[in-house]
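Asks: For reference, the chains in residue letters:
Number of protein chains: 4
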Amino acid sequence: MTDSRIKVGIVGGTGYTGVELLRLLVRHPNVDLAAITSRGNAGTRVADMFPNLRGWTDLAFGEPDAEVLGACDLVFFATPNGTAMTMVPALLDAGVKVIDLAADFRIKDVALWSKWYGMEHACPELVAEAVYGLPEMNREAIRSARLVANPGCYPTAVTLGLLPLIEAGIGDIGRIIADCKSGVSGAGRGASVPMLMGETGESFKAYAVAGHRHWPEIRQQLSVLAGQPADLVFVPHLLPMIRGIHATLYVEGVGADIDLQGLYEARYAEEGFVDVMPAGSHPETRSVRGGNQCRMAVQRPPSGDRVVVLSVIDNLVKGAAGQAVQNMNLMFGLPEAAGLDIVGLLP
Amino acid sequence: MTDSRIKVGIVGGTGYTGVELLRLLVRHPNVDLAAITSRGNAGTRVADMFPNLRGWTDLAFGEPDAEVLGACDLVFFATPNGTAMTMVPALLDAGVKVIDLAADFRIKDVALWSKWYGMEHACPELVAEAVYGLPEMNREAIRSARLVANPGCYPTAVTLGLLPLIEAGIGDIGRIIADCKSGVSGAGRGASVPMLMGETGESFKAYAVAGHRHWPEIRQQLSVLAGQPADLVFVPHLLPMIRGIHATLYVEGVGADIDLQGLYEARYAEEGFVDVMPAGSHPETRSVRGGNQCRMAVQRPPSGDRVVVLSVIDNLVKGAAGQAVQNMNLMFGLPEAAGLDIVGLLP
Amino acid sequence: MTDSRIKVGIVGGTGYTGVELLRLLVRHPNVDLAAITSRGNAGTRVADMFPNLRGWTDLAFGEPDAEVLGACDLVFFATPNGTAMTMVPALLDAGVKVIDLAADFRIKDVALWSKWYGMEHACPELVAEAVYGLPEMNREAIRSARLVANPGCYPTAVTLGLLPLIEAGIGDIGRIIADCKSGVSGAGRGASVPMLMGETGESFKAYAVAGHRHWPEIRQQLSVLAGQPADLVFVPHLLPMIRGIHATLYVEGVGADIDLQGLYEARYAEEGFVDVMPAGSHPETRSVRGGNQCRMAVQRPPSGDRVVVLSVIDNLVKGAAGQAVQNMNLMFGLPEAAGLDIVGLLP
Amino acid sequence: MTDSRIKVGIVGGTGYTGVELLRLLVRHPNVDLAAITSRGNAGTRVADMFPNLRGWTDLAFGEPDAEVLGACDLVFFATPNGTAMTMVPALLDAGVKVIDLAADFRIKDVALWSKWYGMEHACPELVAEAVYGLPEMNREAIRSARLVANPGCYPTAVTLGLLPLIEAGIGDIGRIIADCKSGVSGAGRGASVPMLMGETGESFKAYAVAGHRHWPEIRQQLSVLAGQPADLVFVPHLLPMIRGIHATLYVEGVGADIDLQGLYEARYAEEGFVDVMPAGSHPETRSVRGGNQCRMAVQRPPSGDRVVVLSVIDNLVKGAAGQAVQNMNLMFGLPEAAGLDIVGLLP
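Protein chains in written order, with the working numbering: chain Z, 59 to 405; chain B, 59 to 405; chain E, 59 to 405; chain Y, 59 to 405.
None of these hints come from the bench; they were simulated from the model.
Beta carbons are placed, not taken as given, at the ideal position from N, Cα and C, and that holds for glycine.
It cannot be assumed that every hint is accurate.
[Stated by the list, open to error] Each pair of labels, with its calculated beta carbon distance range:
#, chain 1, residue 1, chain 2, residue 2, range
1, Z, Ala129, Y, Ala337, 32 to 40 Å
2, B, Ala268, E, Ala327, 55 to 63 Å
3, B, Ala314, E, Thr102, 46 to 54 Å
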């Protein structure tokens, strides 16, 4: 099986998620990159836009071409929200599997999706079929999926950090707080004043306290885990750095007698990409920079009944392209870690 | 009164708090710098260590000299914890006023102080006399104080962010969460591996979740405000930047009918160094960089009964040296903003 | 004279040069801000765009209005290249003095200007009249000027660094190398992919090696100093930080017997904003952050006949807005340092 | 051959060079890590100090043990200067090959070495035998070497950038300028005030203009290339970022008729770790972050007879650990790129 080859296409490869997919795929032992598309940059060689890829690929961006994409085994969408849903039905019909790194298929409640994303859904019938691509929750479903909705970056860090607690029925699932911090690459590679280095460097702020699109996604996943409605306050912040998400998670009502460390270690013992650090640890985002790990620690503050979980990922890897490759590996029967043997870049 | 002059000494001026005091004092219209001491650097000109001060002062570091310090009107201590308490009694006896920027006089419960700071207190009788130097709480007491305990950086950001709520008796004061983030200058200027740029740059982490010295200080101040015991979970984090603290404060049990914006604006209407931003704002730390402001906003997340307060300061200014100058101005009957007319450095 | 008041207008205040001018002018003891214009943001309060100015000004951006601007004593242009030249003639006719922070009036050779800036000049006759606003070269001319061309940021750092040598006729003025490094704020506040923090953070590169607009400006000024044609290789680089320029200047043919330190100290002895550091020093950009100083050191490498001059400024202050205020002070007979009493923000 | 296994020891693995060696070696297909030593941290698990290695190795630091090290096929020294030379003779006698990442064996003139490094050499006779480990210069000698002196970071970037010119006898080799910029990781992981983030962040400066230890090393290598004495001015600068070196190289006397682009492309056509970018390019340090490439571009400024070469490496990879692994691969007959299939981490 490890000799099998997958013919892969990427739609929309000029953003940070796109270049990150390329970084992982050009050295993946089972992948042949067949096409990468970008309406605005057709004709440009990928390595001219992203010089880290010089020597690794000669591919050039092309126009999205139904025939070329239809001949792939798998197509990744690294497009703005709302694009994948217009192209996915035809690809699935052509027998192509799809992983959407945008949000088109993440929210099962289509009306809720429309409210948060501000558009009608083009193929609501596929939303039900799509598998939410968090392997630590849905590994078996992903293996047989035609269409995978790759999770958002914040939802990945938060859900993995809370999963053992919620599965075990511990804590008040209606009163969780997720205080999250992300590097600027999470905002993408579009030209904008707020993302200039002159605006984001050497400064820190919260944003979207009144409502962020990842909030309903996280609520949905926590509710799935709990088997009942869960709720949380989610406050994202912008870090003056490029890569990394740190979720600081507060759960109320956790009795002092519960062995949280043991619970977490047991739950993730077989998970190759989740690392539970020793009690008392403080995970650093740099320890997962460039790698597909989610690293976490469970702590108790000196008073009260709350537990604090610290969970870090590289938002572009486990929070996007790396998780997509992990899903691809599952969908095609490859070793789950194929092409993901990357040690975090520290310092 | 604005023509009066104060003869000022600084003990321990080689750290970031020290250079920041110097930055403010060299251009303060009423201050004559009489002495600055450093055992390790006696003889070195201040401007040779801190070249931003070239042209502003010819002062050199000297050995701590009881006679020189005793001839000052005011002595600032910018020393490690435990130093001020050994020198303050003699200075007060000599009629010198003192502002301690370290923690020696912040905690009223001397036993609690000893537990967190790991030493016996040298002059417990002065702890009771010392005034906690947060002007927005204790302005009148500061005016007549001989000895001011300048607040910690985190306690300043947190206490100011919660003060209007707690004074008004709103919210559950036993279940507050303070998720705080600080730039690296808060850790001081001592040589250490964890504070190298190679260790802290482009990374983010929590620290001291199990217990930080500012936690009992914040608990004390919130309890004073409440008139009854208050409690909180306090999680500090280290930001990959130099200056700035951002406190994200979560308070439970705040009814939807309360006009928080009005409450905050009214409470701080006369405070020159506290700025309540319009509803929906997200204060940035850079907006107060180098300045003495505390800037804040009050928000409600889309579900639940919790309020989120966002509060930012420059940890070296309102969180240390600037607040110390503000206290000095009060103690000597000067305009409270004298020498603090500094606009935040943005970008 | 220090009681006189100047009515000031700013055209184009939404960029980094604009907000920096505002930072300096709102606390300038002699300035009344009468108007600030921005076609795209008319109606927006300045402090809503730049929250560091909250509490310092209630001004809102307005449309450029000939009547309002014509009633000012002085108008600053902080606009893109090519804007000032269309409005300046009418303002001068109305008796308004003008300082242009863009490049419209910097290059005396109008054909050369057109070649580098890609447009025809709208008022070539005023180019001859305009005074190049480097006070250390042209103080007297600035005092009586109606129209000042505020120097570029790189030209300021390079020209000040070489001025004593060239005035003294030392070194080969046809073979200078200026290896310069700038923080990202020098590129302005326009939305663009290359200036995103995701693109410029944690990375370093040269740019425009084949030709940069500041090259002819520097050549012109060095030639003026030399009284004969001078030439240089100028290579700008982009630093992963916000503020600061560092010019590393290499001059050939400097005999070992020349007392460079004495030469530099003597030349700048009376200059309040130029600081010659002791022999062997390495100026840091942070030592001038937020301040109007140019700080420099002169060194000799261990072999050869070349001298290395290290010259630093804050590109937004001495390299733009601060120098403009310095020029304003000269033009209106105020103390040259009025409103510029700002200590560099270190750390 | 690709199935052969090498038993590797590392002496001094607690610095940045050490952790970087570990990052590369834990996933190298032919390496068995046998031992890593640190006097100060014996007993500490490597992954407890460097959490990015959690899951990759269970090794703990040990005391340097002659028997353990003597049983290795290869020992890397990632120690301070002066340590390797005291241990290397015994290891070579035991049949162990050695790669020293410090400077003990780089300078062939032992007296010159002693002058710059301030100590007597412990085994001058081995200095002559040691091969300077720059594969692009010395590939064949490295293959058969017992002892390799791994080049310094600056010397790697500078020598590779100039090699095609000097080999071809082009330019004035007595008047080269190397204006170099390095991230802070080049200064190592020792506790020191100047390397604190509070000191190096958001600032830029030159250092050691009067003389840096890499200057004689670069002079030596350029002279070897030229076959006659070469000289240069070398000015290093400190960048506010972690990884990356950018060398801006100025060579005089290069006639306009020479096809530099063709010269460089031809010289490096077969070099897998040197990438000559298209004419007009500006290499970014981030394009090689974490990877073993040296990426360069050759440019001509708009006037004069000088050429500007821009050369970037990751100082910890091609400038240290990666080059060491490349040398190891050569010494043991492995594919030169084994374990070095790492794409630069961009963004």
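Asks: For the range 55 to 63 Å, tell me whether the beta carbons of B:Ala268 and E:Ala327 fit it or not.
Replies: holds (58 Å)
Asks: Does the Cβ distance between Z:Ala129 and Y:Ala337 fall inside 32 to 40 Å?
Replies: 37 Å Cβ-Cβ, so the 32 to 40 Å window holds.
Asks: Taking the Cβ atom of B:Ala314 and the Cβ atom of E:Thr102, is their distance within the range 46 to 54 Å?
Replies: 31 Å Cβ-Cβ, so the 46 to 54 Å window is violated.
Of the hints listed earlier, the one the structure fails to meet is number 3.
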